[in-house]
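Colleague: Each chain, written out:
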Amino acid sequence: MYEHLETAANPAGLKRVVVDPVSRVEGHGKVTLLLDAENRVQQARLHIVEFRGFEKFIQGRPYWELPVLVQRLCGICPVSHHLAAAKAIDQLVGIDPADLPPAADKLRRLLHFGQVLQSHALHFFYLSSPDLLFGFDSEIGKRSVVAVLADYPDIGLQGVKLRKYGQEVIRMVSGKRVHGTGAIPGGMNKALSREERDYLLQDIGQIVDWAQAAVALIKRVHGADRAFNDAFATIRSNYLSLVKADGALELYHGGIRAKNADGATLFDHYDYCAYPELIREEVRSWTYMKFPYLTALGKADGWYRVGPLARINNCDFIDTPLAEAARVEFKQQLADQGLVHSTLAFHWARMIELLHCAESIQALLHDPDLLSGELVAQGSKRYEGIGVIEAPRGTLFHHYQIDDNDIVTKANLIVSTTSNNTGMNESVRQVAAAYLSGRELTEPLLNQLEVAIRAYDPCLSCATHAVGKMPLQVELVDAAGQVVDRLTRHGNGEFARGDAG
Amino acid sequence: MAVTPILLLACGNPSRGDDALGPLLLDALADQLDPQTVECIVDFQLHIEHTLDLQGRQCVIFADASVRDVTFQFTRLTPTASLSHTTHALSPAALLGVYRSLHGEPPPAYLLGIGGLSFELGAALSPAAQTNLAATTRFARALLQGTPAAIAASAAASARMPD
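Protein chains in written order, with the numbering used here: chain A, 1 to 501; chain B, 502 to 664.
Hints may be right or wrong, so weigh each one.
To be verified - Computed from the model, here is a short list of chain B residues facing chain A with C-beta under 7 Å: (1) 514; (2) 516; (3) 550; (4) 578; (5) 599; (6) 623.
To be verified - Chain A is nowhere near these chain B residues, computed Cβ spacing over 10 Å in every case: (7) 503; (8) 515; (9) 529; (10) 532; (11) 539; (12) 548; (13) 567; (14) 569; (15) 605; (16) 629; (17) 632; (18) 639; (19) 640; (20) 642; (21) 646.
What the hints assert, rightly or not - Covered stretches of chain A (in silico footprint by chain B; criterion: 3 or more residues with CB under 8 Å from a CB of chain B, positions within the stretch not fixed): (22) 162–176; (23) 360–369.
Hint data in this document are derived by calculation from the structure and do not stem from the laboratory.
Note that beta-carbon positions come from the ideal geometry of N, C-alpha and C, so glycine has one too.
All chains should be modelled from the sequences, with the hints used to inform the complete structure.
Modeller: In structure tokens form, the structure reads like this:
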């Protein structure tokens with residue numbers, strides 16, 4: 001643990017280094033380091049500097065608008081928000097997941113697999129592959145997917161086309177690449193036509209092959225310097241994800257499983273509708289983003305990681321054959337003590353999921369339920385709905401309450417990147433302590449901080465929180481860079497002047 | 502699937518005030534365009550894979566909100582090799598530059614920038630943006646009745662007009 005580097009004991013007089021913005025992530029974040037005279041790192045923090053206030057935006061809207069409205073949280077995983085909201089709104093119209101018509105359930109799953117496929121392809125090939133293929137300290141001109149396309153055209157183009165195919169799945173099911181209207185309260189608004197199904201079938205064999213190639217690529221990259229990749233930004237943590245009833249990897253609907261760093265199961269098949277008892281969120285004065293933790297373990301020990309690595313660590317198996325074989329090999333190679341803690345192994349786990357999505361899409365496209373059958377179930381109104389889904393970046397919670405007029409009175413979202421907040425900060429501090437401390441900082445060295453953050457695939461746009469509820473610091477800095485005044489709003493809404501927080 | 506000669510590609514977030522101008526332009530035009538001639542695509546941001554949408558076009562028009570103090574501007578785009586290293590999203594010119602590196606010379610491409618003022622989350626269109634959108638819709642409706650050559654001539658004429 002590197003939490004001793006969260007807040008320097010005596011920040012006065014320390015040298016400040018800022019990485020702003022963190023590049024090749026969605027949204028806007030920055031890293032600050034405080035160094036002493038010998039360049040030893042005394043403090044390292046990841047800050048989220050964008051502020052969206054989406055929960056406030058949702059309140060006062062009629063609930064049936066939400067599946068479309070919440071997609072506008074993010075341009076990268078709009079479908080995840082769409083489906084999490086849809087699952088919550090199903091409950092508002094009295095429909096539990098088991099009551100959803102099979103055709104609607106399978107269409108939503110197809111939509112979700114397309115979403116995860118495109119998001120994983122975007123992250124791996126567009127954002128992270130330059131680091132992985134050219135090295136963390138490569139010249140800055142190499143740090144883009146365009147350089148990958150120039151030097152590794154086959155790999156780059158496969159990434160582009162994988163992403164494009166995922167977008168096409170979304171378009172066929174929901175009508176648009178973004179802001180589609182596939183899910184409605186209690187079901188879906190249209191079946192897939194035979195022509196749409198056949199259009200997607202044309203390329204799915206190629207997509208599965210390319211997804212297999214992506215797994216082979218990251219396995220080769222990780223194995224090229226196994227000791228370094230296993231240790232870089234690596235921290236031991238708890239893990240949280242959905243699993244199927246039989247323990248299989250699950251992205252759309254299941255129970256919550258959490259394991260501790262030793263691999264012992266903390267919770268299994270936990271009803272996600274009871275998540276308010278399972279998870280609490282801590283606020284800290286220096287960032288907009290909350291720090292969730294498992295209530296039973298407390299703030300100090302209860303923080304956890306979500307996302308591909310958590311899901312692969314937590315599941316007992318994967319129910320598609322190629323991805324299962326890849327998972328078994330992943331565990332054989334990296335899991336010395338039951339779980340894989342290597343932060344860079346997020347990439348490998350992500351590509352296993354990419355392959356699982358491709359195989360699942362292939363299987364669903366051959367399922368006749370997609371083309372016909374009831375699409376909407378009806379029930380009786382309820383006043384509270386909770387939807388949970390495994391978004392590309394991890395477990396995503398949407399929670400709404402409505403009034404007699406069907407207007408949203410309360411909204412709470414725990415997005416995946418928020419759940420990874422402590423993990424990202426711990427990884428940043430690990431890199432700072434292990435690779436930066438005591439050295440003259442150079443741009444390639446600072447890129448290592450970003451490499452650690454990118455492994456989590458953070459979406460910093462949607463990870464910030466409601467207007468008026470988050471701590472806020474306003475600093476007045478003079479021309480010499482000295483802070484001459486500071487106003488702090490704490491999480492309880494109270495203001496204090498001169499409080500460093 | 503057949504590729505239409507003209508691609509109208511709008512980007513923007515409809516929940517961020519005047520950032521919705523590009524998507525709203527497409528909404529306003531959608532029922533008035535010949536689907537055999539013009540394909541409309543809307544997205545939050547431009548990404549590498551949009552180069553695939555550009556293939557086989559006779560011309561491409563990007564519609565987006567502009568922070569410049571204009572009603573709208575219609576200009577020819579030049580591919581650029583400069584890339585932002587902070588994000589995966591691209592400018593239209595950078596997208597054309599990527600296209601050139603991947604596939605050769607891109608089709609003629611134009612930027613239809615619509616003047617916007619306010620980009621806050623949850624905000625409605627500003628009154629000025631509403632006025633600008635109406636004027637741009639009239640311009641685009643006439644523009645898209647024309648051939649790619651006529652569109653090119655329109656951009657050339659616009660380029661000679663003062664701001």
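Colleague: So, for every hint listed, does it hold in this structure?
Modeller: Verification of the supplied hints:
Among the interface hints, the one on residue 514 of chain B holds; its C-beta lies about 6 Å from the nearest C-beta in chain A, closer than the 7 Å criterion. About 4 Å separates the beta-carbon of residue 516 of chain B from the nearest beta-carbon of chain A, less than 7 Å, and the hint is met. With a cut of 7 Å, the hint placing residue 550 of chain B at the interface with chain A holds, because the nearest CB-to-CB distance is about 4 Å. The interface hint given for residue 578 of chain B is broken, as the beta carbon of that residue sits about 17 Å from the closest beta carbon of chain A, more than 7 Å.
Among the interface hints, the one on residue 599 of chain B holds; its C-beta lies about 6 Å from the nearest C-beta in chain A, closer than the 7 Å criterion. Given the 7 Å rule on beta carbons, the hint for residue 623 of chain B holds: about 4 Å separates it from the nearest Cβ of chain A. Listed as outside the interface, residue 503 of chain B is consistent with that label: its C-beta sits roughly 13 Å from the nearest C-beta of chain A, beyond the 10 Å cut-off. A Cβ of chain A approaches the Cβ of residue 515 of chain B within 10 Å, the least distance being about 6 Å, so the stated non-interface status is violated.
Distance to chain A confirms residue 529 of chain B as a non-interface residue, since its nearest Cβ pair spans about 16 Å, more than 10 Å. Once the 10 Å rule is applied to beta carbons, residue 532 of chain B is consistent with being away from chain A; the minimum gap is 16 Å. No beta-carbon of chain A is positioned within 10 Å of the beta-carbon of residue 539 of chain B; the least distance is around 17 Å. Not every CB of chain A is more than 10 Å from the CB of residue 548 of chain B (nearest about 7 Å), against its label as outside the interface.
Residue-level check passed: residue 567 of chain B sits 19 Å from the nearest beta carbon of chain A, beyond 10 Å. In this structure residue 569 of chain B is separated from chain A by more than 10 Å, as the shortest Cβ-Cβ distance comes to about 23 Å. Non-interface status of residue 605 of chain B relative to chain A is upheld: no Cβ of that chain comes within 10 Å, the nearest being about 14 Å off. Even its closest Cβ contact with chain A, about 22 Å, leaves residue 629 of chain B beyond 10 Å, as expected for a residue assigned away from the interface.
Residue-level check passed: residue 632 of chain B sits 24 Å from the nearest beta carbon of chain A, beyond 10 Å. The Cβ of residue 639 of chain B sits about 25 Å from the closest Cβ of chain A, beyond the 10 Å cut-off, so the non-interface label holds. Even its closest Cβ contact with chain A, about 25 Å, leaves residue 640 of chain B beyond 10 Å, as expected for a residue assigned away from the interface. The claim that residue 642 of chain B is not at the interface with chain A holds, since no C-beta of that chain comes within 10 Å of its own (minimum 22 Å).
For residue 646 of chain B, the non-interface assignment is confirmed: its Cβ lies about 25 Å from the closest Cβ of chain A, beyond the 10 Å cut-off. Remark: the segment 162–176 of chain A is confirmed as covered by chain B, as 4 of its residues place a Cβ nearer than 8 Å to a Cβ of that chain, reaching the required three. Counting residues of the segment 360–369 of chain A whose C-beta lies closer than 8 Å to any C-beta of chain B gives 0; at least three are required, and the coverage claim is violated.
Hint violations for this structure: numbers 4, 8, 12, 23, all remaining hints satisfied.
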